[in-house]
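Engineer: Use these hints to put chain B onto chain A, whose structure you have.
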Amino acid sequence: MICRELIAVLDEYLDGTLVPDVVIDLERHLAVCDPCRAYLATYRKTRELGARVGDVPMPEEMTTRLRALLVARLGNQRES
Amino acid sequence: MSTDDRELLGRVITGDAGALETLMARHSARVYRLAYGITRSAPDAEEVVQDVFLQIIDKGGGFEGRSALSSWIYRITTNLSLNKRRGKRRELETSLDEMLPTFLPDGHRAGDRAFVVADWSRTPDAALLSGEARRVLEAALDRLPDHYRAVLVLKDVEELSNEEVAQAVGDTVAAVKTRLHRARMALREQLTRHLGAGT
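Residue numbers (the numbering used here), protein chains in the order written: chain A, 1 to 80; chain B, 81 to 279.
So here's chain A without its partners, still in its complex pose:
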């Protein structure tokens, strides 16, 4: 396995969905390739960071505003 091939299947490696023979090849390559070890570590960390940054709470005042608007809309619809 070469670097290009390893990086192409990195996602599946981390998800544990690669077939055993490919995992063996990949880990053999990782053992001797500093750039691919660095790539794996930073790729894995990027997945974590993306999840953390995306965990955006809905502002409380927005929740209150939307609840009032939608409840009013529901009431209007019932009357019409």
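Check the hints yourself; a few may be wrong.
Part of the chain A face toward chain B, derived, beta carbon under 7 Å [unchecked claim]:
1. K45
2. T46
3. A51
4. M58
Everything labelled a hint here was simulated from the structure, so no lab data went into it. Every residue, glycine too, gets a C-beta built ideally from N, C-alpha and C.
Structural biologist: Below, chain B alone, put in the same frame as chain A:
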């Protein structure tokens, strides 16, 4: 769909405000999180949340009950968010190819040795999620093409399976997996270009 959600939806259609508030309490946070993740704009995300619940009020928005209400909500939230983005902020998006790793003809990584072995993964999270690193990550997310960002948020933030993501975006599992991997590689590349020198 859980009986509870089905019952609440039925009550909303008949005008029950309490049922609507319960559905909002249960689902609005995830609708907002997904809408913000795709649109990258709080006002746009607020409009999406509003539109999703308006669809629910309007006779369930065509929901047929064959899947969980949450799956249906993910699908309409994704569609409405992508529609919001249509024609907006295109100037921020760069070609994804410019954000992917490059290789030598023999298949080894191209670039300076210091760059290709840069490992910033042990930098404390507090440093990675604040200041310049945070800014770089947010900018890299902004630059991703919309459909790539959508699968990234659905998978990594909402933690859906590849099959559920495919259902939400209306694409194949294979296409979702490819887009997801390219999106993650693009983010990693941007972070490494900014953080690599210091590691």
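Engineer: Any of the earlier hints contradicted here, and which numbers?
Structural biologist: Going through the list in order, the structure violates no hint and respects every one.
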